Amino acid sequence: MMNNQGRPTNTSSVKNVSNIYETFTGSQGLSQAEGLIYEIGDTERTGVDFKEVNDFKSALGGMERTNEIGLAGLTEPEVMRHYTRLSRKNFAIDLGLYPLGSCTMKHNPRLNEKMARLSGLGDIHPLQPISTTQGALDLIDTLAHWLKTMTGMPAVAMSPKAGAHGELCGLMTIRAALEAKGDARSIVLAPESAHGTNPATASLCGYRVKPIPATEDGRVDLEAMKEALGPDVAAIMVTNPNTCGLFEREIIEIADAVHAVGGYFYCDGANFNAIVGKVRPGDLGVDAMHINLHKTFSTPHGGGGPGAGPVVLSEALAPFAPMPYVIAGEENFELIEHDPTGKSFGRMTAFHGQMGMFIRALSYMMSHGADGLAKVAEDSVLNANYVLASLKDIMSASFEGPCMHEALFDDRFLKDTGISTLDFAKAMIDEGYHPMTMYFPLVVHGAMLIEPTESESKQSVDQFIGMMRHLVEKAKAGEIERFTGAPHFAPLKRLDETGAARNPVLRWRANEGEE
Amino acid sequence: MTIYYSEDHEWINVEGSVGTVGITEYAQNALGDIVFVEVPEVGDEFAKGDEVSVVESVKAASEIYSPVTGEITAVNEDLEENAALVNSSPDGDGWFFKVTVSNKDELEELMDAGDYKTFIAGLE
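Going line by line, the protein sequences match chains A and B.
In this text, residue positions in the first sequence follow the working numbering: the first is 1, and each later residue adds one.
In this text, residue positions in the second sequence follow the working numbering: the first is 516, and each later residue adds one.
Note that these hints are calculated values from the structure, not bench results.
Fair warning: this is a prediction, and the values are worked out from it, not measured in the lab.
A virtual CB, placed ideally from N, CA and C, is assigned to each residue, including glycine.
One thing to keep in mind: the hints can contain errors.
Unchecked claim - Calculated cross-link-like contacts (lysine-lysine; reagent style DSBU-like; alpha-carbon spacing at most 30 Å):
id	chain 1	residue 1	chain 2	residue 2
1	A	343	B	619
2	B	574	A	392
3	A	210	B	574
4	A	161	B	563
Unchecked claim - Reference listing, derived: stretches of chain B covered by chain A, where coverage requires no fewer than 3 residues with Cβ under 8 Å from a Cβ of chain A:
id	region
5	548-562
6	606-616
Here chain A stands alone, though its shape is the one from the complex:
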């Protein structure tokens, strides 16, 4: 197989979509075959002209590298084309419905982008004197105000840079609060349906994780949770709505029970999208909760941008929050970098947090308003229930419903077809969709977790439902190859995931194929 540069590629998996005939280049019309960047250039040429340097004397005293480094030289158009071609093989929220459950892949409004590019915000640096960044600090303070207002919580740590980073911030705050009381504890409770990051965070913080089983209807088993409680429990981490797409109805009882033994209630706010503008977590007894600005507040993520995970905190935890934070002084906004009380657990990030995401999130909030944000929650729940109601006669819904913002199915409907959840997901790629989250949550078998978000129109969700029904019918009709061989129309077809994990090739080496 040759690529369009006439050079051999060793991407043996570059195969023709069409079985009719092979093209010389391996391209399929506008779907161009593309090798690794190292295979496009070669080491004999360079894409840049440097003048010969006369009388060159190294200042490195003989320590300079003199051997060939073996990197290929490329011209600017070659580099541009390489990355543009790769980008055309990518799937993005700007290309289609992205129903990745628990990830809230909603539209990233262009207004947000415009705001982030305002020169007064886009061109500043965190090391500028704060007298010159008052507007930016005002923006952080304003966003913090609305996050506190929407969650009904008195304080917020803005600096964490992702959901899991926010969890870590929350648990470090809890640990600092407990240790300040001389009551260091060792156990964190996490439901079996928890995001994997919850037990990972607790473990990273030095806690032992005790799993809490789920009830038949997909919620935290309150009795089992109460039995696991004791004087050594530092916190419980609960996601609400949970990863089965269900509201934890006994959330207040859970909070009361953990408080009764002196522990704290950490809420994973990854699914806040379903309740924003409707429920204030502070009213439910939450002590700490991260908010994924990149989910609920529409900032780009999943390869499109960095996350941002501010953590709202209760009165009890607020004094232990990390540095730095912004306060509105008498005349100016100030950045507090050294905790005057000595209670803060320290610093998690070099600077203030993800400023670019703060701008986008605030832009989203302001453009929606309070009523618009409540409508976000309503429409996300409505869309998910529409999916659930439209597919549950033909797929196996794990729980009766209604659901919140995501609909959970399991693989019972594929029983005896010879097709797995993985195969089904791969066939969705052929239909031009990013697959839903699969094999998570672990509490159901072969899970398929579908979150359409509020971004999708009825027409878009109808097309998705039609596609899913079509695939289910083909599966039940025994068209196994459509699934087990899928994706048939992706640039690289079915990848050997097991081989990649067992024998990872993490580094390109020159002449690998010739050795």
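Given chain A, put chain B in place with the hints provided.
Positioned in the frame of chain A, the structure of chain B alone reads:
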């Protein structure tokens, strides 16, 4: 020698005072292609139910719990290079570790082959 089974789908084959531990055919099938196994170190001590090992498959990472209280006397070093042994031979070459059985009473809380068969039939 007798083989006992846990509800977490581990088996322990007890010979004298030492048991060899692995995961069952049912477990390897449910996990899918296994790509990585982390085994304990010889000399480590565990209580029954402690997390002693980690298995990573293309689908998920899962913990392996010690079916008994005891000390690790040997580990299957082949798994480091070839985790696929757990898929191809879960009850043979894909064993995880050997552990001393310090309290024989703990074995009574496990299942025999017949009970385990009934147990997994109930999970379907």
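Problem - Violations among the numbered hints, reported as their numbers in ascending order - result: Of the numbered hints given earlier, those the structure breaks are 1, 4 and 6, listed in rising order.
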